[in-house]
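Residue numbers (our numbering), protein chains in the order written: chain A, -6 to 106; chain B, 16 to 128.
Honestly, the hints are just simulated from the structure, not real lab data.
Check each hint, because a few of them may be wrong.
Not everything, but these chain B residues come out facing chain A in the computed CB check (under 10 Å) [unchecked claim]:
1) 47
2) 51
3) 59
4) 61
5) 76
6) 78
7) 106
8) 114
9) 118
10) 120
Cβ pair distances, simulated, as ranges [stated by the list, open to error]:
11) 123/B to 37/A: 17 to 25 Å
12) 57/B to 7/A: 25 to 33 Å
13) 93/B to 7/A: 47 to 55 Å
14) 97/B to 70/A: 38 to 46 Å
15) 29/B to 54/A: 29 to 37 Å
16) 18/B to 66/A: 29 to 37 Å
17) 77/A to 127/B: 32 to 40 Å
18) 74/B to 20/A: 20 to 28 Å
19) 67/B to 37/A: 21 to 29 Å
20) 44/B to 54/A: 35 to 43 Å
21) 66/B to 56/A: 17 to 25 Å
22) 2/A to 30/B: 28 to 36 Å
23) 62/A to 68/B: 24 to 32 Å
24) 73/B to 3/A: 17 to 25 Å
Virtual Cβ for every residue (Gly too), placed ideally from N, Cα, C.
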Amino acid sequence: DTAVSQTPKYLVTQMGNDKSIKCEQNLGHDTMYWYKQDSKKFLKIMFSYNNKELIINETVPNRFSPKSPDKAHLNLHINSLELGDSAVYFCASSQEGYTQGYTFGSGTRLTVV
Amino acid sequence: GENVEQHPSTLSVQEGDSAVIKCTYSDSASNYFPWYKQELGKRPQLIIDIRSNVGEKKDQRIAVTLNKTAKHFSLHITETQPEDSAVYFCAASKANSGYALNFGKGTSLLVTP
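Work out the full structure, taking the sequences as your base and the hints as a guide.
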């Protein structure tokens, strides 16, 4: 009964490759997010979608493109991977008004070599 | 944008003692302040949150206080236990921000037996 599930859990890839991370939530939440946690543990928002509509797009390179086919899914596609993209990427979801706070997925550890 | 400062960055206490972590925020429009606990290799998990219309909230050994005038909020953990050892993050958010959480840089808490 995983509430927010991400795949894959680990991703090791070479520079220049394109990769995708998938996220699904079964909580019925209307808002989903991608956060990046760098090597110093700093958590920073990348994107936010509300009912499939992009509402936040922080200063993230164009190589990162989120896609939300429906309100239960938010995928992250990354083109031309760079060494600096190595991080843990967390998907999260919440209900409008924070009635129950955020629920995070288990994270995807991306390593670019 | 919102800037959240968190102190201390590391905190070591003996089992049974209290631990206090403090955060300040810059945007007076922020109105939601959650605290997350992240154990090594795991996802951040919400432990307590407070809204701007409340000054204090308590849940068993954990309490959060909010001073809107001074723009700071604190996490208090009493009777600490070794399993409280983790990284704790404060965050701030406001309506009309896409529900994005702006996180502090985290406090690594170590509780020694």
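Hints, verified against the model:
| no. | hint | result |
| --- | --- | --- |
| 1 | 47 | holds, 5 Å |
| 2 | 51 | holds, 8 Å |
| 3 | 59 | holds, 5 Å |
| 4 | 61 | holds, 4 Å |
| 5 | 76 | violated, 19 Å |
| 6 | 78 | violated, 17 Å |
| 7 | 106 | holds, 8 Å |
| 8 | 114 | holds, 6 Å |
| 9 | 118 | holds, 4 Å |
| 10 | 120 | holds, 6 Å |
| 11 | 123/B to 37/A: 17 to 25 Å | holds, 18 Å |
| 12 | 57/B to 7/A: 25 to 33 Å | holds, 28 Å |
| 13 | 93/B to 7/A: 47 to 55 Å | holds, 49 Å |
| 14 | 97/B to 70/A: 38 to 46 Å | holds, 41 Å |
| 15 | 29/B to 54/A: 29 to 37 Å | violated, 45 Å |
| 16 | 18/B to 66/A: 29 to 37 Å | holds, 32 Å |
| 17 | 77/A to 127/B: 32 to 40 Å | holds, 36 Å |
| 18 | 74/B to 20/A: 20 to 28 Å | holds, 21 Å |
| 19 | 67/B to 37/A: 21 to 29 Å | holds, 23 Å |
| 20 | 44/B to 54/A: 35 to 43 Å | violated, 29 Å |
| 21 | 66/B to 56/A: 17 to 25 Å | violated, 37 Å |
| 22 | 2/A to 30/B: 28 to 36 Å | holds, 33 Å |
| 23 | 62/A to 68/B: 24 to 32 Å | violated, 37 Å |
| 24 | 73/B to 3/A: 17 to 25 Å | violated, 39 Å |
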